[in-house]
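S.K.: Using the sequences provided together with the hints, build the complete structure.
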Amino acid sequence: MTTQAPSQSVLTPTVGRVAKRALFWVAVAAFAILIAIVALATAGSTAGGAPLDPESAAPGGSMAVAEVLRQQGVDVVVASSLVEARNAVAGVDDTTVLLYDPDGYLDDDQLREAATLARSVVVVDANFTQLQAIAPNIAQAGDADTELTAGCDVPAAARAGSVSGEAVGYRVIDDSVGTATCFGSGDDVFSLVQVNRDGVELTVLGLTAALTNERVIDSGNAALALNLLGAKSTLVWYIPTLADVPDAGPATLGELTPPWVTPVLLLLALTFVAAAVWRGRRFGPLVIENLPVIVRSSETMLGRARLYERSSSRLRALDALRMGAIQRLAVLCGQPRSASVDEVVSAVAGVTGAQRHVIRDLLVDTIPGTDADLVTLSDALLVLERDVAVAVRP
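Straight run, no breaks: the sequence shown in UniProt numbering ends on number 394.
Derived by calculation from the structure, the hints in this document are not laboratory data. All values reported here derive from a predicted model rather than from experimental measurement. Just so you know, even glycine gets a beta-carbon here, dropped at the ideal spot from N, CA and C. Where hints are given, some of them may not hold.
Simulated restraints, written as ranges between beta carbons of each label pair [claimed, not checked]: (1) Gln132 x Leu265: 46 to 54 Å; (2) Ala391 x Val341: 13 to 21 Å; (3) Asp187 x Ile35: 51 to 59 Å; (4) Gly73 x Pro155: 15 to 23 Å; (5) Gly199 x Leu265: 54 to 62 Å; (6) Pro155 x Tyr105: 27 to 35 Å; (7) Ala276 x Val26: 17 to 25 Å; (8) Val28 x Asp109: 50 to 58 Å; (9) Ala57 x Val28: 32 to 40 Å; (10) Val28 x Gln71: 47 to 55 Å; (11) Asp108 x Pro59: 27 to 35 Å; (12) Val277 x Pro250: 38 to 46 Å; (13) Ala391 x His357: 17 to 25 Å; (14) Leu265 x Asn290: 42 to 50 Å.
M.R.: Listed below in structure tokens is the structure:
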């Protein structure tokens with residue numbers, strides 16, 4: 001009596017089943033979007049802001065200094081480009097310009113112009129390039145001490161007395177120009193250097209931390225900031241941006257591309273998506289497939305032997321036997337896998353005491369002319385392997 005195998009049927013999912021499956025992923029996506037919104041809101045509320053930004057209340061900003069100066073009657077004007085700074089200074093004689101360019105947006109000509117916008121210019125944390133352009137008689141001297149005493153007659157520094165916080169030191173390398181130095185760290189290193197040149201009072205200030213919201217209340221930081229920046233009726237707080245970078249360079253790929261390329265690419269993308277949806281096929285249920293027939297290694301060996309016999313490939317068959325014999329002989333003689341045939345022949349000759357050319361003829365050179373020769377050489381390979389095994393492990 002024969003039994004009929006149960007038939008397998010493929011059920012197409014209904015709309016309700018698909019909706020239930022998709023509901024989980026919709027919930028996961030909504031949760032991920034919610035987490036992203038919370039993370040962005042949190043990151044936005046704790047953003048550090050730009051350093052020494054007079055409109056930033058972050059620890060590294062300088063809103064506290066700017067607001068106190070405004071309360072004292074100083075007109076604080078924020079400029080983000082050289083054009084804005086030039087317009088803010090125009091027509092106003094009693095002006096101080098604060099220049100802070102940590103990203104190096106200004107070139108030498110722009111630096112020289114910015115350093116002469118007003119009769120009082122304060123350059124904060126000037127680097128090597130900036131010093132070469134506006135004050136070549138001053139050089140950088142590395143980091144300075146965190147607790148510094150004025151020790152000079154500059155009014156703003158004398159009123160502050162001492163300052164604290166991270167500082168950068170400078171060294172005067174040319175005394176021919178009248179300079180005043182304050183807040184020394186030893187070895188002729190100072191964090192405030194004032195130069196009077198052509199009617200412009202240029203102050204190079206390395207006390208960046210003294211102007212920040214976080215450290216302005218420490219020691220005499222507030223007194224230094226207010227007296228140095230509030231000496232004039234107007235303060236132009238100039239921090240260069242990308243607007244100061246000259247727009248000179250090769251045309252971009254977008255500028256060189258014809259205007260019709262973008263719509264055509266969008267149309268092709270939509271066509272591809274529509275074709276994929278139209279011609280796409282869903283995966284059906286898993287189908288059980290029987291494994292192919294397992295062939296034993298002995299049957300494979302007999303099949304290859306019959307092929308060699310049918311095509312009279314005696315040398316090919318003997319080479320297969322020789323390669324296996326050489327590998328086994330190399331293992332018996334302690335030779336590495338990378339050993340050459342000549343090295344194996346020498347090792348076998350040394351172990352068995354046979355002539356080297358006899359062993360090489362057997363393993364490499366002799367060509368079988370008949371089936372009887374092939375059988376004889378095969379038996380000789382077996383005898384050689386047996387002799388080596390006995391000699392190595394008696």
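S.K.: Run every hint past the structure and note whether it holds.
M.R.: The hints, checked one at a time:
no., hint, in the structure
1, Gln132 x Leu265: 46 to 54 Å, "holds (48 Å)"
2, Ala391 x Val341: 13 to 21 Å, "holds (19 Å)"
3, Asp187 x Ile35: 51 to 59 Å, "holds (54 Å)"
4, Gly73 x Pro155: 15 to 23 Å, "holds (18 Å)"
5, Gly199 x Leu265: 54 to 62 Å, "holds (60 Å)"
6, Pro155 x Tyr105: 27 to 35 Å, "holds (31 Å)"
7, Ala276 x Val26: 17 to 25 Å, "holds (22 Å)"
8, Val28 x Asp109: 50 to 58 Å, "holds (57 Å)"
9, Ala57 x Val28: 32 to 40 Å, "holds (37 Å)"
10, Val28 x Gln71: 47 to 55 Å, "holds (53 Å)"
11, Asp108 x Pro59: 27 to 35 Å, "holds (33 Å)"
12, Val277 x Pro250: 38 to 46 Å, "holds (41 Å)"
13, Ala391 x His357: 17 to 25 Å, "holds (19 Å)"
14, Leu265 x Asn290: 42 to 50 Å, "holds (48 Å)"
Violation of the numbered hints given earlier is absent; every hint is satisfied by the structure.
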